[in-house]
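Asker: Below are the chains, spelled out letter by letter.
Protein chains: 2
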Amino acid sequence: MSKRKISESTIRRLSKYYRSLERLIQEGQSTVSSEELAAMDGITSAQVRKDLSFFGTFGKRGLGYDTRALKEQIAEILGLNRKWNVAIIGAGNIGRALAKYGEFEKQGFQIKLILDSDPEKIGQEIRGIRVEDYRKARELLQKENIEIAIIAVPAQAAQSVADLVVEAGIRAILNFAPCSLHVPPHVQVRNENMAIEMESLSYFLTNSES
Amino acid sequence: MSKRKISESTIRRLSKYYRSLERLIQEGQSTVSSEELAAMDGITSAQVRKDLSFFGTFGKRGLGYDTRALKEQIAEILGLNRKWNVAIIGAGNIGRALAKYGEFEKQGFQIKLILDSDPEKIGQEIRGIRVEDYRKARELLQKENIEIAIIAVPAQAAQSVADLVVEAGIRAILNFAPCSLHVPPHVQVRNENMAIEMESLSYFLTNSES
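In the order they appear, the protein sequences are chains A and B. Adding 8 to a residue's 1-based position in the first sequence gives its number in this note's numbering. Adding 8 to a residue's 1-based position in the second sequence gives its number in this note's numbering.
Incorrect hints may appear among the rest.
[Unchecked claim] Here's a subset of chain B near chain A, in silico, CB distances under 7 Å, partners left out: (1) S23; (2) W92; (3) N101; (4) Y109; (5) I137; (6) I156; (7) A180; (8) V195; (9) R198; (10) I204; (11) M206; (12) S210; (13) Y211; (14) T214.
None of these hints come from the bench; they were simulated from the model. Given the structure is predicted, the values throughout are model-derived calculations rather than measurements. Idealized CB from N, CA, C, for every residue including glycine.
The shape of chain A in the complex, shown without the other chains:
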């Protein structure tokens, strides 16, 4: 596999192909054309071929791609053929829903730690995981070898949580707080900002004819 820099948007499309391939395999399909993959994700087949060409040839010879082999190779590229240790910080509505969200586990993202600072929440169990005291965060993040932190706290607390997480050596953050996080360049943040998506929809509804 090439270690060449791949764009963020290619990575996102690979995730989509991965999901489409999973579905095809479930439906018993053993090969797939770039046209078919493209149609499933609403993009062009040229784009699919270009994306997949980054990683060398995947045995296409006019027969299309072998669904299982392609899925395996994408899994390897995305780092999905191993387990990742994940912590959720904030056991409010969003944090709890994520802790219960079974899809993460299936993909290898194992929730190993849930932290909160609310004494009412500390000690509760969510899906068999005890909510731990946020004051012990640094120690516990290291003890559990956490690799990815999900931040699900209110906006005003998010930056200080991010700072602590970064100090604990974590390099990957999924942020659900409705604010921008400032982190050093060796740390990656992905934002799930539902408010921004909703506002983009309300902009669209406001500025288009009904």
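Chain B: place on chain A using the hints.
Answerer: Frame of chain A; chain B shown alone:
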């Protein structure tokens, strides 16, 4: 206000400025420079000025922007100075968390309807809203004048829900199902794909030196 086409990325930045302005107003700040706004959101001040210039001059004269006036104008642009009727389809972990998520209401996104097809869930109350039978979806979506649908069902059900929602006349969808939705061009979909964000992080961790 200009009705000129504004890019998706500008709209997203406007949402961020809106949030930053809210914070500044809470902290009692009456004016803000483009540099300060830029620093809050990790972008350049030239970008801030460019984004805001789309909408005409906002009374900057070396004094910076009036925080309240600018917030009001962005609210108008984004369609946030009114209420929107929202339905959540799927009362699983994610749907329930969204129904309880207070931030939406504060921004004017009112959850008016929650639908599910599971007999165990129908009739339950979430934050005072009764979960209704999905089989009555079309009728209820129209009766409640729903404008935005949030889809929080498993991937295999998401497309059929999207089809129904579009048939019911809804033009804006926020999709939490981990799959691509196909909709006609007059309908806008925004995706909250947590799996894709997590995979983008695992790709980064796999392909960077630790």
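Asker: Do the numbers back the hint for Y211 (chain B), that is, is its least Cβ distance to chain A under 7 Å?
Answerer: holds (5 Å)
Asker: Is the interface hint for V195 (chain B) satisfied, with its Cβ closer than 7 Å to some Cβ of chain A?
Answerer: Cβ of V195 (chain B) sits 10 Å from chain A, so the hint is violated.
Asker: Against chain A, run the beta carbon of N101 (chain B) and see if the smallest gap drops under 7 Å.
Answerer: holds (4 Å)
Asker: Have a go at the S23 (chain B) hint: is there a Cβ in chain A nearer than 7 Å to its own Cβ?
Answerer: Hint holds; S23 (chain B) Cβ to chain A Cβ min 4 Å, cut 7 Å.
Asker: Would you settle whether the hint for I137 (chain B) is holds or violated, based on the nearest Cβ-Cβ distance to chain A being less than 7 Å?
Answerer: This hint is violated: I137 (chain B) lies away from chain A, its Cβ roughly 14 Å from the closest one there, beyond 7 Å.
Asker: Do the numbers back the hint for S210 (chain B), that is, is its least Cβ distance to chain A under 7 Å?
Answerer: Hint on S210 (chain B): holds, closest Cβ of chain A at ~4 Å, below 7 Å.
Asker: Is the interface hint satisfied for M206 (chain B)? The criterion is a beta-carbon contact with chain A at less than 7 Å.
Answerer: holds (5 Å)
Asker: Tell me if I156 (chain B) is really an interface residue toward chain A, meaning its C-beta lies closer than 7 Å to one of theirs.
Answerer: Hint holds; I156 (chain B) Cβ to chain A Cβ min 6 Å, cut 7 Å.
Asker: Does I204 (chain B) pass the interface check with chain A, least Cβ-Cβ distance below 7 Å?
Answerer: holds (4 Å)
Asker: Y109 (chain B) was flagged as interface toward chain A. Is the shortest Cβ-Cβ separation under 7 Å?
Answerer: Result: holds, 6 Å to nearest chain A Cβ.
Asker: Going by Cβ atoms only, is T214 (chain B) closer than 7 Å to chain A?
Answerer: Holds. Min distance 3 Å.
Asker: Under the criterion of a CB-CB separation shorter than 7 Å, is W92 (chain B) in contact with chain A as hinted?
Answerer: holds (6 Å)
The structure does not agree with the numbered hints 5 and 8 stated previously, though it agrees with the rest.
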